[in-house]
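Enquirer: Modelling step: build the complete structure from the supplied sequences, incorporating the hints.
Residue numbers (the numbering used here), protein chains in the order written: chain H, 1 to 325; chain X, 1 to 325; chain W, 1 to 325.
Treat the hints as calculated values from the structure; they're not laboratory data.
Don't take each hint at face value.
What the hints assert, rightly or not - Stretch by stretch, here's where chain X covers chain H in the computed footprint (C-beta under 8 angstroms, at least three residues):
1. 45-56
2. 68-75
3. 81-91
4. 280-288
5. 298-310
Even glycine gets a Cβ: it sits at the ideal position worked out from N, Cα and C.
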Amino acid sequence: MVVRCFKAEEDRRPWHTLPLKHVIESQQFDKGSLDLIFRTAQEMEAVQRQTDAAHQLDGYIMSTLFYEPSTRTRLSFESAMARLGGTVLSTESAGQYSSAAKGETLEDTIRTVEGYSDCIVLRHFQAGSAKIAASVASVPVISAGDGPGQHPTQALLDVYTIKRELGRLDNLTVALVGDLANGRTARSLAYLLSMYAGVRLVFVAPHVVAMGDDIKAFLTARGVEWAEAEDLAEVAAEADVLYQTRIQKERFQDRPEDYERAQGKYIIDSATMQALPKSSVVMHPLPRVDEIRPEVDADPRAAYFRQAHNGLFIRMALLKLALVG
Amino acid sequence: MVVRCFKAEEDRRPWHTLPLKHVIESQQFDKGSLDLIFRTAQEMEAVQRQTDAAHQLDGYIMSTLFYEPSTRTRLSFESAMARLGGTVLSTESAGQYSSAAKGETLEDTIRTVEGYSDCIVLRHFQAGSAKIAASVASVPVISAGDGPGQHPTQALLDVYTIKRELGRLDNLTVALVGDLANGRTARSLAYLLSMYAGVRLVFVAPHVVAMGDDIKAFLTARGVEWAEAEDLAEVAAEADVLYQTRIQKERFQDRPEDYERAQGKYIIDSATMQALPKSSVVMHPLPRVDEIRPEVDADPRAAYFRQAHNGLFIRMALLKLALVG
Amino acid sequence: MVVRCFKAEEDRRPWHTLPLKHVIESQQFDKGSLDLIFRTAQEMEAVQRQTDAAHQLDGYIMSTLFYEPSTRTRLSFESAMARLGGTVLSTESAGQYSSAAKGETLEDTIRTVEGYSDCIVLRHFQAGSAKIAASVASVPVISAGDGPGQHPTQALLDVYTIKRELGRLDNLTVALVGDLANGRTARSLAYLLSMYAGVRLVFVAPHVVAMGDDIKAFLTARGVEWAEAEDLAEVAAEADVLYQTRIQKERFQDRPEDYERAQGKYIIDSATMQALPKSSVVMHPLPRVDEIRPEVDADPRAAYFRQAHNGLFIRMALLKLALVG
Numbered sequence: 001m002v003v004r005c006f007k008a009e010e011d012r013r014p015w016h017t018l019p020l021k022h023v024i025e026s027q028q029f030d031k032g033s034l035d036l037i038f039r040t041a042q043e044m045e046a047v048q049r050q051t052d053a054a055h056q057l058d059g060y061i062m063s064t065l066f067y068e069p070s071t072r073t074r075l076s077f078e079s080a081m082a083r084l085g086g087t088v089l090s091t092e093s094a095g096q097y098s099s100a101a102k103g104e105t106l107e108d109t110i111r112t113v114e115g116y117s118d119c120i121v122l123r124h125f126q127a128g129s130a131k132i133a134a135s136v137a138s139v140p141v142i143s144a145g146d147g148p149g150q151h152p153t154q155a156l157l158d159v160y161t162i163k164r165e166l167g168r169l170d171n172l173t174v175a176l177v178g179d180l181a182n183g184r185t186a187r188s189l190a191y192l193l194s195m196y197a198g199v200r201l202v203f204v205a206p207h208v209v210a211m212g213d214d215i216k217a218f219l220t221a222r223g224v225e226w227a228e229a230e231d232l233a234e235v236a237a238e239a240d241v242l243y244q245t246r247i248q249k250e251r252f253q254d255r256p257e258d259y260e261r262a263q264g265k266y267i268i269d270s271a272t273m274q275a276l277p278k279s280s281v282v283m284h285p286l287p288r289v290d291e292i293r294p295e296v297d298a299d300p301r302a303a304y305f306r307q308a309h310n311g312l313f314i315r316m317a318l319l320k321l322a323l324v325g
Numbered sequence: 001m002v003v004r005c006f007k008a009e010e011d012r013r014p015w016h017t018l019p020l021k022h023v024i025e026s027q028q029f030d031k032g033s034l035d036l037i038f039r040t041a042q043e044m045e046a047v048q049r050q051t052d053a054a055h056q057l058d059g060y061i062m063s064t065l066f067y068e069p070s071t072r073t074r075l076s077f078e079s080a081m082a083r084l085g086g087t088v089l090s091t092e093s094a095g096q097y098s099s100a101a102k103g104e105t106l107e108d109t110i111r112t113v114e115g116y117s118d119c120i121v122l123r124h125f126q127a128g129s130a131k132i133a134a135s136v137a138s139v140p141v142i143s144a145g146d147g148p149g150q151h152p153t154q155a156l157l158d159v160y161t162i163k164r165e166l167g168r169l170d171n172l173t174v175a176l177v178g179d180l181a182n183g184r185t186a187r188s189l190a191y192l193l194s195m196y197a198g199v200r201l202v203f204v205a206p207h208v209v210a211m212g213d214d215i216k217a218f219l220t221a222r223g224v225e226w227a228e229a230e231d232l233a234e235v236a237a238e239a240d241v242l243y244q245t246r247i248q249k250e251r252f253q254d255r256p257e258d259y260e261r262a263q264g265k266y267i268i269d270s271a272t273m274q275a276l277p278k279s280s281v282v283m284h285p286l287p288r289v290d291e292i293r294p295e296v297d298a299d300p301r302a303a304y305f306r307q308a309h310n311g312l313f314i315r316m317a318l319l320k321l322a323l324v325g
Numbered sequence: 001m002v003v004r005c006f007k008a009e010e011d012r013r014p015w016h017t018l019p020l021k022h023v024i025e026s027q028q029f030d031k032g033s034l035d036l037i038f039r040t041a042q043e044m045e046a047v048q049r050q051t052d053a054a055h056q057l058d059g060y061i062m063s064t065l066f067y068e069p070s071t072r073t074r075l076s077f078e079s080a081m082a083r084l085g086g087t088v089l090s091t092e093s094a095g096q097y098s099s100a101a102k103g104e105t106l107e108d109t110i111r112t113v114e115g116y117s118d119c120i121v122l123r124h125f126q127a128g129s130a131k132i133a134a135s136v137a138s139v140p141v142i143s144a145g146d147g148p149g150q151h152p153t154q155a156l157l158d159v160y161t162i163k164r165e166l167g168r169l170d171n172l173t174v175a176l177v178g179d180l181a182n183g184r185t186a187r188s189l190a191y192l193l194s195m196y197a198g199v200r201l202v203f204v205a206p207h208v209v210a211m212g213d214d215i216k217a218f219l220t221a222r223g224v225e226w227a228e229a230e231d232l233a234e235v236a237a238e239a240d241v242l243y244q245t246r247i248q249k250e251r252f253q254d255r256p257e258d259y260e261r262a263q264g265k266y267i268i269d270s271a272t273m274q275a276l277p278k279s280s281v282v283m284h285p286l287p288r289v290d291e292i293r294p295e296v297d298a299d300p301r302a303a304y305f306r307q308a309h310n311g312l313f314i315r316m317a318l319l320k321l322a323l324v325g
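Expert: Here it is in structure tokens:
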């Protein structure tokens, strides 16, 4: 199955200058295309209501096809479309309601829905489904996460946030904390950061949810320095980015004790913040439960809500690039 | 927890001339602010499609965050926003789908969603949640009901309807009928009407769902005349407003017999209408089951569908006041 | 119950030149009104983004009130409204969420929702409900299917597709295949085609889901030639239109064996396509399961996705005719 994530791939222009088509996985981006997306996202931050810029997607229709509910991600995409003047057709729970329940294939659904909209934002519970959708769609397909697979717009907004907060993507020590086995975000972030020079990754995870060997092997092959550590305060002391993730209770259904042990192990609280350098930031893909204590929220280094808001600008940028270039 | 329902509360201007911020509870309004809202609602009745007035909220985005489904209230808010040119991001069932299911606090959800929209309409199953939301939000929060707590826009549209139907809010006999224990609307209405001179309230309720002592004490303290009565026809004969409410079956789950007895006790039918004065009106917050017989619908004094439509104008007014002043 | 599907029915103008009001059932259309709808649909195919034509319904609001979920049909209507500049208020699952759960009648719901929108698209699980809704509504009601009853916009888009694909509606052999007992679409199509000269219908169905005697009697009375057949390839060889339908598993809940037998009996595959004349087309209301093999999709005579897209133009036409004439 060949999926063209950029149009006209036979074109001689460098990859990252080609018009974006689908957004499917972190691997489709190189430094050049990231740079284009980030510059566009920064333009998007400046879009003012009732100006021409706020009407760039007038008359365009986006369908959000969510087979797995995710209110946060859906609203972020829908807001992005609305901020540029576009219209949204929304499906909160396609799995339950759509023709899927009658046995229709995803391919058939996409072939129908592409007749109603100019792009499709797809959230699915099965890894690989975004790629399947893109392989039949004549309109851009933007993945909003496909189960245990990829969540490329989250990865993009994470990297964008580091750049916005710290001003650079090179020469960084990034500590990834929490559920590194199941969390797509930590894995995707590791992938994207591997493109930048002087990046050092430190993994701080309970044993039951340690970072997978595949990512470690990948980093080693790419010459990226990485380490595993157990003492969160020690790691915090030398981190530029402390990226916390939620231990996903839903992954421990038969093992409540394991969950309890993993959940309470690495908590970011005021003690952690005291160890963290002044110029560093704390990030989290949200939602959080209590792996970052509320007392941290008022700290200017707590970047997680700004990070969530950056998702809006990244998605505005992707929609603009995919629909009008 | 301090919630500023009007902006710039240190301002020296009288309270009701200050710009509205949040809409949380009936108690935040005085006669002056009610007057402003009602005048604005009346302007809203005159908004014509495809005129400048119909574009006052162009480029503004409203999120409807409904943790408890309520199609009627949601559509009313969404229509209000649309009639003024605004855009809606909709969540029909946030409780089931959103990050709440993963353990996220309401505060965190609000801090995220405020990045996607210019105001948030919140429906929640827990009393006090609108206040919690408003305490962290940088954008206006408008409560669309918080469980057994308040439903301020319903209270506003009820009072507005009385004013539109009868031309005044002073010197009225208002009979509240049905479930006065659980119905938020009857309680809120009693509260708001207590601000007007010469208002007399008569409570007609089955014993199991009688009006609470707190409201009675409040009315007595405010010097508002009130009474309890058992004979609906007798009460109707001297009422300016006959405000019927539904006996909420969902509150009687273990006591079906109590429900049956309460449900059938006070029904408005043509006999009631014959007792009711010509210049009076029948109101109901809807939905009704059969506590008002369909035969009453064609009577010009049956104001309940007009009342529902007034909800649109009240919500247009609140959105305008909160977003553009 | 009298439902006026066209405005001013006492008007002396021929029926099909009167402005459309409600869309309730196939029987409300004659050849003249079909012609008007099809001409308008063809205009709709030419509507370009950001032109005046794309703003014909600016400021109009459509509510989609779906008591039975149907993502495909809902998105098609919502896209149609958006393509003409209108706004959509959406309810994906009114049965579960709305006041219906509290015992409200459909009539009351309609009387409320008509205050929020300029037209109502209703999908309901009960036959006859569209008619009930239209009988109380002051705004146009467009049926998006009422249970085992009618699905008039599907019937219209089917006939429109035949006209677009073959250039005519007269002198056609149309083979209806699959579940002809439960499928509304086959029945409605038979009804509408009976208006045209020289149409011949052939029914190819497993015994358990054969075409109903009422339709056969109706066709005989109208002088329309019809036949039943068992050999799909033989039928295909003389068909202008091969209209396949899905065997609806949900109708065979207690009889899984009957389902299996019926399901596998008439499959369209490359062998069928070899028998089918070059100028013929294969249609399907979708979703399909595997009654048309994926290998058929690339054949230019496979019209079913074009058929789905035609639904957009038919619905744009109906909304335009009902709202602005």
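Enquirer: The structure should be examined with respect to each hint, and the outcome stated for every one.
Expert: To see whether the hints hold, each was checked on the structure:
no.: 1; hint: 45-56; verdict: holds (count 3)
no.: 2; hint: 68-75; verdict: holds (count 5)
no.: 3; hint: 81-91; verdict: holds (count 4)
no.: 4; hint: 280-288; verdict: holds (count 3)
no.: 5; hint: 298-310; verdict: holds (count 3)
In summary, the structure agrees with every hint in the numbered list given earlier.
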